[in-house]
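Protein chains in written order, with numbering that gives the first Met the number 0: chain A, 0 to 369; chain B, 0 to 206.
Since the hints were derived computationally from the structure, they do not count as laboratory data. Remember, it's a predicted structure, so these values are computed and weren't measured experimentally. The reader is advised that the hints may include incorrect statements.
The calculated EDC-like cross-link candidates involving lysine to aspartate or glutamate, where the alpha carbons are at most 16 Å apart (straight line), are [as the list claims (entries may be wrong)]:
hint, chain 1, residue 1, chain 2, residue 2
1, B, 56, A, 336
2, B, 19, B, 8
3, B, 206, B, 8
4, B, 195, B, 107
5, B, 161, B, 107
6, A, 70, B, 107
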Amino acid sequence: MDLLIQGLNKLLGQVWPDWAVVLLAMVIVITLIFVMAPLTFMLLTWVLRKGIGRFADRMGPNRTGLGRFNKERTRQRWPLWGLLQPIADGVKMFTKEDITPDKGDKWLHRIAPVAAIVPAMLVFAVIPFGKNLLGVDLNVGVVYVVAVSSISTLALLIAGWSSNNKYSLLGAMRTAAQMVSYEVPMALSLVVPVLFAGSLSLNQIVQGQASWLGLRWYIFYFPLGTLAFFTYFISALAEVNHTPFDLPEADSEIVAGYVTEYSGMKFALFFMGEFMNQFLVCAFATVLFLGGWQGPGVQLGGVLGYLFSVFWFFLKTFSLYLVMLWIRGTWPRLRVDQLMNFAWKRLVPITLGNVLVSGVAVIVLSLLKK
Amino acid sequence: MTIVVPRHDEFQPFGWGLVKGLLVTASHLVRSYFRRNLRIPGKEPFPGGRFGLFTVKYPEERAPLPDRYRGLPILLYEDSTQSELCTACMSCARACPVGIIHIEQGVDEVGKKIPYAQGFAIEYGTCLNCGLCADACPFGSIVMDHVLETARASRDELWMTKERLLHPVSYYREIAPTVWAEIREEAMKRLDGTVKRRPAGVGVVPK
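Start from the sequences and build out the full structure, keeping to the hints where you can.
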């Protein structure tokens with residue numbers, strides 16, 4: 000943001016008043032976030048369908064391409080590996096009928112999809128996507144992310160309640176129970192990298208992993224950082240309703256959970272929120288444990304260093320997303336009691352102990368350095 | 000003899016079972032980029048074992064069909080003499096469980112019946128693809144086609160008359176060689192007899 004303001008000042012030649020430049024910078028950043036979020040959503044749906052297909056010995060979407068068809072109308076000039084599938088999906092979603100349940104709470108039913116994507120969009124603002132490339136450098140970034148991302152639970156509860164459908168309500172109740180349980184180990188495992196970095200600012204945390212050619216990631220702080228990464232990733236999977244914790248929308252048990260009564264673009268908005276949350280979970284894990292945008296080459300000056308930093312960030316994030324896909328293509332769903340047992344009897348004690356030991360270790364190491 | 004089925008339900012400590020599951024799916028992912036695994040009729044069901052792509056890009060790629068695949072019934076005629084195998088014996092019409100085969104027997108000038116189907120029609124829209132007509136035919140004349148795309152623009156087009164039902168023997172030999180090898184000798188022998196009992200020029204498909 001500051002960087003952008005400086006750049007704009009240079010570009011516009013110091014003619015504009017300060018407030019106008021700040022406003023312009025804000026508009027640019029907000030537009031970027033609002034464009035990037037749906038784009039990541041579209042890309043992720045494509046990656047998901049291709050990836051899950053390959054895990055199941057199928058091909059995934061491969062029919063949406065560019066260019067002319069051949070004479071038999073079976074193949075296009077450039078099939079593009081089905082990369083335009085999300086656009087076809089979007090057109091389909093827009094043309095579908097939008098149904099609101101007759102006996103449901105109509106206003107809440109309308110608000111819920113919006114409430115589901117707004118928190119995800121808000122989190123985009125503080126994630127450092129590259130060297131100094133972030134919307135806002137909050138000094139309490141970690142707290143902000145945890146706080147904002149838990150708002151989406153409310154949206155799912157609203158959706159379940161307003162649909163006036165037993166499956167929706169069951170799904171929403173499951174969501175609430177699950178999210179409240181897993182928020183605890185997730186927040187506790189985030190404490191560990193914060194202790195290592197000595198800061199809550201996401202940019203500071205990334206800077207803290209800069210040494211060893213940008214490879215001194217907190218996941219390599221064995222065993223504390225490694226353990227924290229795994230506990231974070233597991234509870235984050237539960238936070239975004241991902242397999243093996245996808246009980247809120249377990250289609251074999253409760254139809255589609257809280258989205259049962261949604262159709263058309265409202266349904267798509269829920270999925271947009273979900274996919275963006277999945278992406279953000281991966282991005283957040285990258286920032287906290289995998290060095291964020293750090294990597295070989297980011298120390299270079301000029302545009303090259305920025306490009307390298309963005310490249311490393313997205314490489315790490317998408318690798319983590321592929322791991323999520325891998326899990327989704329493999330593991331079955333947990334039972335409700337197993338889910339709760341795992342959160343409260345396993346993860347919470349482990350993370351609490353981890354925080355304790357990490358705190359002691361950080362203090363001891365700092366004393367030793369003196 | 001006792002067959003012991005491995006259940007793989009032994010205790011897997013420390014999530015080792017989960018890791019093994021992940022490795023299985025990962026190998027499926029990797030091998031799906033290098034290997035196709037299609038059923039080939041007459042060979043073992045899946046030549047590549049459990050791995051490799053099982054799907055085909057349908058319109059431009061087609062998985063081979065087994066010889067005995069039952070599509071819709073067609074009529075055959077001999078290639079060299081162009082003579083129809085059908086003698087209008089009504090076996091197929093009687094065998095058809097839904098009664099969609101309609102045959103009109105041919106007659107000569109004096110009104111005597113001859114072994115030749117003047118008219119022959121099958122209502123494709125009602126066909127069950129059961130193949131009983133092909134089983135009942137003593138002349139090897141009515142056989143099951145291998146065409147998958149049977150959609151038509153109108154209902155009338157599903158009324159398949161003789162001209163559209165007739166296919167050369169060479170066509171069927173190509174799509175179902177083993178089935179044709181079984182019925183060929185009998186069919187050809189009977190065709191010779193049929194041709195002798197027909198007046199000249201009757202039952203010959205115009206080129």
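Given the hinted pair residue 195 of chain B and residue 107 of chain B, is their alpha-carbon gap at most 16 Å? holds, 14 Å
With the threshold set at 16 Å, check whether the alpha-carbon distance from residue 56 of chain B to residue 336 of chain A stays at or below it. Violated - the C-alpha atoms of residue 336 of chain A and residue 56 of chain B are around 43 Å apart, more than 16 Å.
Would you check the hint for residue 206 of chain B and residue 8 of chain B, treating anything up to 16 Å between C-alpha atoms as holding? Given that 16 Å is the threshold and the Cα spacing comes to 68 Å, the pair is violated.
Do the alpha carbons of residue 19 of chain B and residue 8 of chain B lie within 16 Å of each other, as the hint requires? Distance ~13 Å between residue 19 of chain B and residue 8 of chain B Cα, so the pair holds.
Has the given pair, residue 70 of chain A with residue 107 of chain B, been kept, meaning a C-alpha gap of at most 16 Å? violated, 48 Å
Would the pair residue 161 of chain B and residue 107 of chain B pass a check requiring their Cα atoms to be no farther apart than 16 Å? violated, 19 Å
Hint check: violations occur at hints 1, 3, 5, 6; the rest are consistent with the structure.
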